[in-house]
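Chemist: Chains as they are written, first to last, in numbering that gives the first Met the number 0: chain A, 0 to 323; chain B, 0 to 263; chain C, 0 to 290.
Be aware that one or more of the hints could be misleading.
Quick look at which bits of chain C chain A covers, simulated, 3 or more residues with Cβ under 8 angstroms [as the list claims (entries may be wrong)]:
no.: 1; region: 101-109
no.: 2; region: 117-124
Have a look at the derived ranges for each label pair, beta carbon to beta carbon [as the list claims (entries may be wrong)]:
no.: 3; chain 1: C; residue 1: Gly125; chain 2: A; residue 2: Phe287; range: 48 to 54 angstroms
no.: 4; chain 1: C; residue 1: Met219; chain 2: A; residue 2: Phe287; range: 42 to 48 angstroms
no.: 5; chain 1: A; residue 1: Asp242; chain 2: C; residue 2: Tyr261; range: 17 to 23 angstroms
no.: 6; chain 1: C; residue 1: Val152; chain 2: A; residue 2: Lys108; range: 57 to 63 angstroms
no.: 7; chain 1: A; residue 1: Ala315; chain 2: C; residue 2: Leu111; range: 32 to 38 angstroms
no.: 8; chain 1: B; residue 1: Phe116; chain 2: A; residue 2: Leu85; range: 15 to 21 angstroms
no.: 9; chain 1: B; residue 1: Ala2; chain 2: C; residue 2: Leu168; range: 28 to 34 angstroms
Hints are computed from structural coordinates only; laboratory data are not their basis.
Here a beta-carbon is modelled for each residue, glycine too, at the ideal position from N, C-alpha and C.
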Amino acid sequence: MDRFLPSPTARILLALLAILALAPLVFPSTFYYRIFTLISINAIVVIGLVILLGYAGQISLGHAGFVGLGAYANAIGPTHLGLPPLLALVLGAALSAALAWLVGRPILKLRGLYLAVVTLGFGILVQMVLVNESWLTGGPDGMAVEDLGLVSLVKALGLKMKTAQVWYVFSGLMLLLAAWVALNLRDSPTGRALRSLHDSEVAARTVGINVARYKLIAFVLSAVFASVGGSLLALFNRFVTPDVAGFIHSVELVTMSVLGGAASVLGGIAGAALLTTLPQALTVFHDFETVILGLIMMGVAIFMPDGLLPNLANRAKRTRRTNR
Amino acid sequence: MTALLSVQSLGIRFGAVRAVNDVSFSAKPGEVLSIIGPNGAGKTTLFNMISGVYQPSQGRIRFDGADVTELLPHQLAERGLSRTFQNLQIFHQMTALENVMAGRHLMERRGILSDLFGLSTTRRHNRETKQAAEALLERVGLADIAHREAGGLSYGMLKRLEIARALACLPQLLLLDEPAAGCNPVETEEVEGLIAQIAHEGVGILLVEHDMKMVMRISSHIVVLDHGEKLAEGRPEEVRGNPRVLAAYLGVTEGEEETADALD
Amino acid sequence: MLESFLQFTFSGLTVGAVYALVALGFTIIYNASDVVNFAQGEFVMIGGMSTVFLRQDGLPLAAAAALAIVLTTVIGILLDKLAIARAKRASVLSLVIITIGASIFLRGAAQLVFDKQLHRLPAFAGEDPLTLMGATILPQSLLVLAGAAAIFVGLWLFFNRSRTGKAVLATANNRLAARLVGVDTAFIMALSFGLSAAIGATAGVLITPLTLTSYDVGLMLALKGFAAAMLGGLGNPFGALVGGLAIGLIEAFGAGYVSSEYKDASAFLVILLILFLMPRGLFGKKTVERV
């Protein structure tokens, strides 16, 4: 019987694919393609945080710094150095990985809260550089980003699609790729090592897990996800400002990952979807954004530490039991 | 037979407190060496030093022919030393099976790329690790609950789960910190049988346990600690008759007769 | 040459005194509860901003400052009672998320209740600078230094002389033991948050005539306070003082001799260097993990 059911990983990916394929049927306007593209891109960054926060139990308060590195790699690389956009994306990810490794190596030998402090400072520093070095970055006003060339590629293939639709498909596929990788990781030797140090560092050590090394792996991986997400964001918006690396954005990303349930890829995607659509649905409440973010963070951490999805699932289970 | 583990005048102080002072003993493969003593005697602290969790402030530890005093827990695990914990250290968000699979960490060849993209190496490892872990769960009698989340299991189950996880490292020396605590009499008997069997397979065992009947039956050798110092050591029958041991356990003067029961 | 050196020293010590007070606030809460309070900088912001706005509403400066400190203290206690104390058995991770959430919340609330502008207060003791060997120092700077000194001395007396202060220290040493001998640890927690908030607010009142304030200054102050606390050794009040002054001086000299655009980066670089080279800081103690 088991043989005919797809594996849990395949089931999650199929569900995602189905949602992405069917959602456009109910889109009232092209604008929704844009929102879903933003959700997919944010979710890619959040999946990186799921690996760091949910799997390995470490927190970064400066992940927007890596998003900023990726975004500006795609702004600066093609504009100043004439690099092709895809190469800029890869170089941005490599730079983010290298920085995460350099900063993380000494810090991750220490207790978890030090990573929080250091990443907080890191994010602020990245944003500071982006604001101050205006000869390179355009300063606080930001800079334009060259086209990835997706639309002309699609046209050359003879397909008739709007720009928003092309990006919807592309970002959706990238999200599926990110989710697939993170789900593979979860049920692999490396993933088990990460998840065990989340629950008990001492026990992880005594079964031979080099805790500092695995925390570093999680941190570097999450930086790569953030950087790729940042590059995609820049390419999609065709414009970047230093705000993309800002503290508030870092906090948004953490809130997205804890809101849905940091321990699961699906939870991360749900969190990204909720927090990306919320400001769109409640544009009037733009001024309340930070207040709402703060309340969500405190509320989730106090009342449902596992996040929204696992909490709802548990509640459903309990109700079913009592009904029986 | 040469010693698998030898501990030479080991000691540690926390601030002004000497938690363990000048303790020496050695353990052989295939034997159960028990460490007994009243609460606060320093047994768990001793375990923490031997397994590398604490760095001793004096003395040396030799394991499998090498000085390992300064090694970290994961390096000791690589050399074949694994342990369980008095206050459980469970990976509670993982299933019972995954807990034991995590214990096989050192047996797996770890390639990040293969793990990220689910390549055949990773799939093969997952299969092998899963089979080995299932066999271990079967061995400690937890096969039925393999897919339950560890956080929801009973105390006695978790104690056995820790043993299975420690065994997954294929240790030469296994440190068991109160494996029968919280177990009912039937479970205790099972744990005792399991320990005897593991020792029979040639694994050296260091045991801390409060169930004295079990200790007396199962141990080849006993070390008695009191206030962080070694009070006595010897075969179970020697230790049982030692008046200083009785005094330490019950705080009575030497020679009082009825106390012998306490260690039976 | 000497003039500018002295000038940088004065300004470094003045802001350093504020960082020392932020670091002291961290230290008090960290010692009582192991919580690293990321909202510590917001206390400084609320202290300064409330004084500005209460004064605009017609209160005299002294009354506005006093009321602002009381208000911030209440917010500190509420943070403990409504959030920290409710998250029982929370992991370090959850506590970081809660206090960061609180920080963001307070910042957002300040933006709504007050505004998004920069504000300043008039100096308490006049604006005429004093001259010392060619360098100038504002009377307000001396007030900041005197205020910080008074707070440190007052706390030293509180912790070492009063019964309640000793109970706080006992709780810091061993929470379970403190509870067993009858110390009300919930009260100690609330007291620590209230105290930290009051100290932060006082710092905010004192520094606002010199550096301006706005709803978003808390984060940077928190980061610098951390740098100070880590430099001094997390958990050590004396270390917080030394660390704070040191960070202030590093920043002032960095801005004066290297680059003023990156003056805020020096705190981060100090954090990195400390963690790379001496994770326990100058006066920190070794901790042992219990298993």
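Chemist: Indicate, hint by hint, whether the structure satisfies it.
Modeler: Do the hints match the structure? See the list:
no.	hint	in the structure
1	101-109	holds (count 8)
2	117-124	violated (count 0)
3	C:Gly125 with A:Phe287: 48 to 54 angstroms	41 angstroms, violated
4	C:Met219 with A:Phe287: 42 to 48 angstroms	23 angstroms, violated
5	A:Asp242 with C:Tyr261: 17 to 23 angstroms	19 angstroms, holds
6	C:Val152 with A:Lys108: 57 to 63 angstroms	37 angstroms, violated
7	A:Ala315 with C:Leu111: 32 to 38 angstroms	36 angstroms, holds
8	B:Phe116 with A:Leu85: 15 to 21 angstroms	19 angstroms, holds
9	B:Ala2 with C:Leu168: 28 to 34 angstroms	46 angstroms, violated
When each numbered hint is compared with the structure, violations occur for hints 2, 3, 4, 6, 9.
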